[in-house]
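Novice: Position 350, counted from 1, in the sequence shown is what numbering that gives the first Met the number 0 calls 349; the numbers after and before it change by one each time, with no gaps.
These are computed hints drawn from the structure, not numbers from a lab. Among these hints, one or two may not hold up.
[To be verified] In silico DSS-like pairs for lysine-lysine, Cα to Cα no more than 25 Å straight-line: (1) Lys-181 / Lys-293; (2) Lys-181 / Lys-149; (3) Lys-214 / Lys-293; (4) Lys-214 / Lys-252; (5) Lys-148 / Lys-181; (6) Lys-214 / Lys-181; (7) Lys-148 / Lys-252; (8) Lys-149 / Lys-252; (9) Lys-148 / Lys-214; (10) Lys-252 / Lys-293.
[Unchecked claim] Between beta-carbon pairs, the in silico distance windows are: (11) Glu-307 / Leu-370: 49 to 55 Å; (12) Lys-181 / Pro-259: 45 to 51 Å; (13) Arg-203 / Lys-181: 19 to 25 Å; (14) Ser-361 / Glu-269: 27 to 33 Å; (15) Arg-203 / Trp-301: 24 to 30 Å; (16) Thr-131 / Met-282: 36 to 42 Å; (17) Pro-52 / Lys-149: 36 to 42 Å.
Heads up, the beta-carbon is just placed ideally off N, CA and C, and yes, glycines get one too.
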Amino acid sequence: MLSLVSCIGKVAVLSAAILVTTSITMSGEWGEEGVTYGQLGKDVILPCAGGSPGAVLEWQWNGAPVLPEGSTVQQGQLLLPRAERSSEGVYSCHDAGGLLLSSVTLRLGRVPGVPSVSCRASNFENFSCFWTSSTETFLPTRYITTYRKKLRPGDERERSNSSDVGLCIQGPAHPHSCTVNKSHFWSSYRMNVTEVNPLGSNFRLLDFTVQAILKPDPPEGLRVEPVPSAPRRLRVSWEYPSTWPNEPYFQLKFRLQYRPVMHSSWSMVETANVSELITDAFMGLEHVVQVSAKDFLDAGSWSEWSGEAWGMPALGQTLAPSEAATAAIEPENPAEEPSLAPNNEPVAGRSDPLEKVAVLVSLGVFAFFVLAVILVFAFLMWIRMKKHSKEATKNHDLLSATLHMKALPKAQIL
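Use the sequences and the hints to build the structure in full.
Specialist: Below, the structure written as structure tokens:
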């Protein structure tokens, strides 16, 4: 594998050195026999393959003796100064008697520019890279895509390890992209994308860590369902993207955004479940919902939003008292956590029977505590008044005894 990558690198270097000002003939290599490639804006020289030195030759362009403006014949060769695309076509040279000696098709273009490259990991097992050409070359183009896993400081492994270097596989169904399978999630990589055409080559190097480029695909199977007898609730559920492996150690978290179709602002809630209960939906209005995903430990970035799904809350229904009591006793499904989005509507404006029962129970508990406080306060006041009454009686008796003794003669007192 290392020798293969080394050979590819040598080919790229040699191709990059071929930045010439005249035409380059690459018959057959690019699938076009008898084609000569020239660089736009440069002088192009076309030799007559069958002509003899010093012979009088005649050149034709697309079967006519009229040649592009500014062209000249020098020692049997045709010179096209600062060739433009309008000079493309079939050129043929003939002897003095008009006999065809040779012909060639001229195609003009540019040397490749540095390609623009980006990479993304849709899961923790592999990553893909994508590129676009920075220059329109007008010529057939190929791409050489290789990677090398970068060694950490102090890592003594040999660089010839076959898992550290290799080709990024290009698929015919996805042009301008390639994939590296069985990548290492916590490793750093260097990606090399080299653009090659008949006139030369150019390349881009991109360094990254896999966890930094992690971006899951959007969740799938998004569904929105009304909740019976709950005109302000919607149950939303979805599934993991099919490209995310079913592994317990690599989980996703999700963002859910929703709004009535007639409103422009979104409400949003984050959850680790694959379902969510919206409790502040607008009665009688259709809602639009989307969901996105991200690695549970915050590696990489959020996925794109999923496709939209629509749903409308169930029509409002009035429950009988017995049904309301039953609904208050029965707990909701634990998986259906209420949404965290704020609901600023007053309690009196809600029509959910279960919420009304909860409000009544809260008021009853509050009233019970108020009554208990009043009773305790009254009891303490009664104890205090009783104590004051006893002290007053005792003081009165003592005063009466004192006055009686003062009224008696001193001899009697003694």
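Novice: Indicate, hint by hint, whether the structure satisfies it.
Specialist: Comparing the hints with the structure gives:
1. Lys-181 / Lys-293: holds, 21 Å
2. Lys-181 / Lys-149: Satisfied, since the Cα-Cα distance of roughly 15 Å is no more than 25 Å.
3. Lys-214 / Lys-293: holds, 7 Å
4. Lys-214 / Lys-252: holds, 12 Å
5. Lys-148 / Lys-181: holds, 12 Å
6. Lys-214 / Lys-181: holds, 17 Å
7. Lys-148 / Lys-252: This hinted pair is violated, its Cα atoms lying about 29 Å apart.
8. Lys-149 / Lys-252: violated, 30 Å
9. Lys-148 / Lys-214: Between Lys-148 and Lys-214 the Cα gap is close to 20 Å, so the pair holds against 25 Å.
10. Lys-252 / Lys-293: Between Lys-252 and Lys-293 the Cα gap is close to 5 Å, so the pair holds against 25 Å.
11. Glu-307 / Leu-370: 49 to 55 Å: Taking Cβ atoms as reference, Glu-307 and Leu-370 lie about 53 Å apart, which means the hint holds.
12. Lys-181 / Pro-259: 45 to 51 Å: Check passed, 46 Å falls within 45 to 51 Å.
13. Arg-203 / Lys-181: 19 to 25 Å: holds, 24 Å
14. Ser-361 / Glu-269: 27 to 33 Å: Between Ser-361 and Glu-269, where Cβ atoms are some 28 Å apart, the hint holds.
15. Arg-203 / Trp-301: 24 to 30 Å: Distance hint for Arg-203, Trp-301 holds at roughly 26 Å.
16. Thr-131 / Met-282: 36 to 42 Å: violated, 49 Å
17. Pro-52 / Lys-149: 36 to 42 Å: violated, 57 Å
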